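**Student:** Line order of the protein sequences matches chains A and B. Quick note: the first sequence uses the numbering used here, first residue 49, plus one each step. Quick note: the second sequence uses the numbering used here, first residue 53, plus one each step.
Derived by calculation from the structure, the hints in this document are not laboratory data. These numbers come from a predicted model, not from an experiment. By construction, the Cβ of each residue, glycine as well, lies at the ideal position given by its N, Cα and C atoms. Worth double-checking, as some hints may not be accurate.
Cβ-to-Cβ under 7 Å is the rule here; a few derived chain B residues that face chain A [claimed, not checked]:
hint, residue
1, 95
2, 96
3, 153
With a straight-line Cα cutoff of 20 Å, these simulated EDC-like cross-link-like pairs (lysine to aspartate or glutamate) come out [what the hints assert, rightly or not]:
hint, chain 1, residue 1, chain 2, residue 2
4, A, 116, B, 153
5, A, 90, B, 74
6, B, 131, B, 111
7, A, 90, B, 137
Calculated from the model, a selection of chain A residues having no Cβ within reach of chain B, i.e. all distances over 12 Å [to be verified]:
hint, residue
8, 63
9, 70
10, 108
11, 110
12, 118
13, 122
14, 124
15, 129
16, 157
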Amino acid sequence: KQEVTQIPAALSVPEGENLVLNCSFTDSAIYNLQWFRQDPGKGLTSLLLIQSSQREQTSGRLNASLDKSSGRSTLYIAASQPGDSATYLCAVRHSTGNQFYFGTGTSLTVIP
Amino acid sequence: SQTIHQWPATLVQPVGSPLSLECTVEGTSNPNLYWYRQAAGRGLQLLFYSVGIGQISSEVPQNLSASRPQDRQFILSSKKLLLSDSGFYLCAWDAGFAYNEQFFGPGTRLTVL
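Put together the whole structure using the sequences plus the hints.
**Tutor:** Below, the structure is given as structure tokens:
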């Protein structure tokens, strides 16, 4: 069974710092990997989707990379802002069906 | 543009009572639909998914059930709630192809007392 791990569980950084969030998965048979943001008590907001054939995707200050063979993805956030404070989740879609597997997330706090 | 709705937003129910949570999607046809549960301190757990009307796949055996009476409507139900059913329930959809993003609704916070 696919297992998705996100380290660290929590991260606190000063405003303006660049940071990297990590996601690892045990089974490389994936269709895609998706990064989400979740604010407290809210649903998930999609940030970036990387197909299994891609190496990275960029949106604004966010850059996500994927190394399928090693089972790793990173989310890079440039010039962090207090509004970036949230929990960030990664999810992988298995190549054989509609199953998604989520990590438990990294809780990010950006200090003004 | 596509929109996904869930209601109610919050719900407090006694143990043993029934449950019905509703999810609807606007602006798309024949979506894949999903129900997830997020328990405190834990990751999202996929409960059910549906690729079409009347087609439901269950990922986790439990006292919950799901139905899809219309193309863009997905309902999560229970005949008798347990304390362990408390959590944050999220509905999601994607366009039905493996390469598409999954989009989530605002969620329902269920507390079983």
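**Student:** If you check each hint against the structure, which ones fail?
**Tutor:** none
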